[in-house]
Amino acid sequence: MERRGFLKKAGLATAGMMAAPYILPSGRLFAASGTRKVNHVVLCLLAGGIRNAESVHQQESNLMTNLLNDTNGGFVPQAGIDWSLPSNPISGGTRLQDHGTLFKEFRMAQGPTGHYNGHITALTGKYTNASLNLKSNPDFPTIFEYYRKHNDSGAAMSALNAWWVSDSLGPYPALNYSKYPGYGAEYGANYLQPSSLISQEAYNAVGTPKTFTAEQQAFAEKIRGFCDDNFSNQFAAQEVGVVNTADEKQMLMSFLDDLYQDALAGTPELNNWGLGQYVNNDVLNVYYTEKVIKQFQPELTVCNMQAVDVCHTNFTGYCNNLRVADHAVAHLWETIQSTPGMANDTVMIVVPEHGRNLDPNTVVDLYGRPAYDHTSDDSSREIFCLVAGPDSVIKRQEFSDVRGESVDVVPTIADLLGFYDQIPAGIMDGQPLYDALY
Amino acid sequence: MLDFKKIFYAIGLTITLVSCAKEKVYVYELADVAIAQPGIAKPNVKTNTQYISIAYTDVFGSTVSQSELSDLEQAYLSFADKTVIEDLIIRNFLNESSTNLPSESDMLADVSAFVTTAYNRVYNRQPSEYELWYHVNEINESSVVTPELFYYALLTSNEYRQY
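Line by line, the protein sequences give chains A and B. Using this note's numbering, count along the first sequence one by one with no gaps and you end on 438. Using this note's numbering, count along the second sequence one by one with no gaps and you end on 1163.
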């Protein structure tokens, strides 16, 4: 062997020996190098289909007085939309927009503007033409899976750090993890559907369990452990769903019991919101999201709301539900700011999954207002996005030009939590919303 | 000389008498046989509905009503960690007064029969000799075990989630 060749091969071998200990199972050379900007992100999917006309353009006056600054004279009572809500929950009389960046012309640029497609896009960062399938998980990884798989903080692998709170069943329970190779239930979120689980029917089913003493629990675990050991090679845990550790399960059962006791007591905290007859599934969803936040301080929470979808048949009801959702999201923000561990260390992203059509359908409500569907016209692709958080992390500004798409939400969360660089290139369609970030 | 006519009549009479003999009636019965799944091979995961309805039958000895099944499924679908919900469902079942489980005195009277019955009922198979020995030993040595507790352990085990 020539001397030059020998030296070259020896050098490569030495470099390989030095690098080998640092090559991770994922094939990457180094561990996650991203820097966290905050330790918590709450994504409020203000879903159900909201037109920019009724949100940021304020054509029906400002229906979102807790989130958006007035641009057209503030809220003006109108027929059917004249009831009042309690005062602004955000302390200091500020509005959420004051705490971040508002993208007034955001887009769901591709794919059918249906709820299923909109949710998949917002949760995977990937546009999709998928047809509604009640039993099918998304094709591409969700933000929960990216977070739990790629985040390298000490507690990141715990499912208690990732929550998906949805206000309806149907296909939504399946959106907490994908069928993408290398991801799946192992990295899914803890899913909670409050209006079904915290109900009389569910209470009858799971609310009054037999209790065992600690000694009895230990005996049962010993027997179960023996049985599981005999069966371990056949058990497919990921086919059963998201799995928490034994200790985490005990915490979850205790948490569920607390929720039932709270419901049996008449949800006293919710009564303090002062919404009375206007408590709907969106409000319940936010209320139970706040319960999750207070109990677990999760690093990643996605709260889904959909009551504005009454717009298919009731435009006035849509406007009212938009006002209620606005109030609920502001309440959630305020709860975050008063929760130790999350205050001043949380970014909240508020975004509809898609808009609604420019032209109405044929339904007219009691007040003579026409209804609107969402069938992939340009208007139904127009949405807004509000990113709020600590002033050292999120810029205070507003963009009126078209910038940002719904596929950018997942990369933005990944960037905020410091693992964007760890996600294999090419999977997602979007990129972080750097315009909003310092 | 042979009287062929008499012989002919005698043969005919004999055939007639034989033909008129009462037929034997065979009555078939089935012997009781324990139907159990051979071995421990259970490669398939039960669906939500299968898990709930089978568990109900195993605990109560009757079929779950459609309305109750609907309530149970709603709870099942509303939470991601199915093992948490399954645990709560099973303990809710065991908290009912109408369970159809052996009494504690039955269990203590013949622990081996108790374990074998539980395995047949829950796992749909016979316990192996080692399993039987282990459980009998554990039950005999425990001061806290109850039939509900033993069934709870089996009904929330991994083997019960599959078939």
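The set of hints was computed from the structure by calculation and includes no laboratory data. For every residue, glycine included, the Cβ atom is placed at its ideal position computed from N, Cα and C. Keep in mind that the hints are not guaranteed to be accurate.
Claimed, not checked - Examples of chain A residues lying across from chain B (beta carbon under 7 Å, computed):
(1) Lys210
(2) Ala214
(3) Gln216
(4) Phe219
(5) Lys249
(6) Arg396
(7) Phe399
Quick rundown of the hints versus the structure:
1. Look at Lys210/A: its Cβ gets to within about 4 Å of chain B, closer than 7 Å, so that hint holds up.
2. Using the Cβ-Cβ criterion of 7 Å, the hint placing Ala214/A at the interface with chain B is not satisfied: the shortest such distance is roughly 10 Å.
3. The closest approach between the C-beta of Gln216/A and any C-beta of chain B is roughly 5 Å, which is under the 7 Å cut-off, so the hint is satisfied.
4. The beta carbon of Phe219/A is positioned within 7 Å of a beta carbon in chain B (closest approach about 6 Å), and the interface hint is therefore held.
5. Checking Lys249/A against chain B by beta carbon gives a least distance of about 5 Å; that is within 7 Å, so the hint holds.
6. Against a cut-off of 7 Å between C-beta atoms, the interface hint on Arg396/A is violated, since the closest Cβ of chain B lies about 36 Å away.
7. Evaluation of the Phe399/A hint against chain B yields a violated restraint, the C-beta minimum of about 36 Å exceeding 7 Å.
Checked against the numbered hints above, the structure breaks hints 2, 6, 7 and satisfies the rest.
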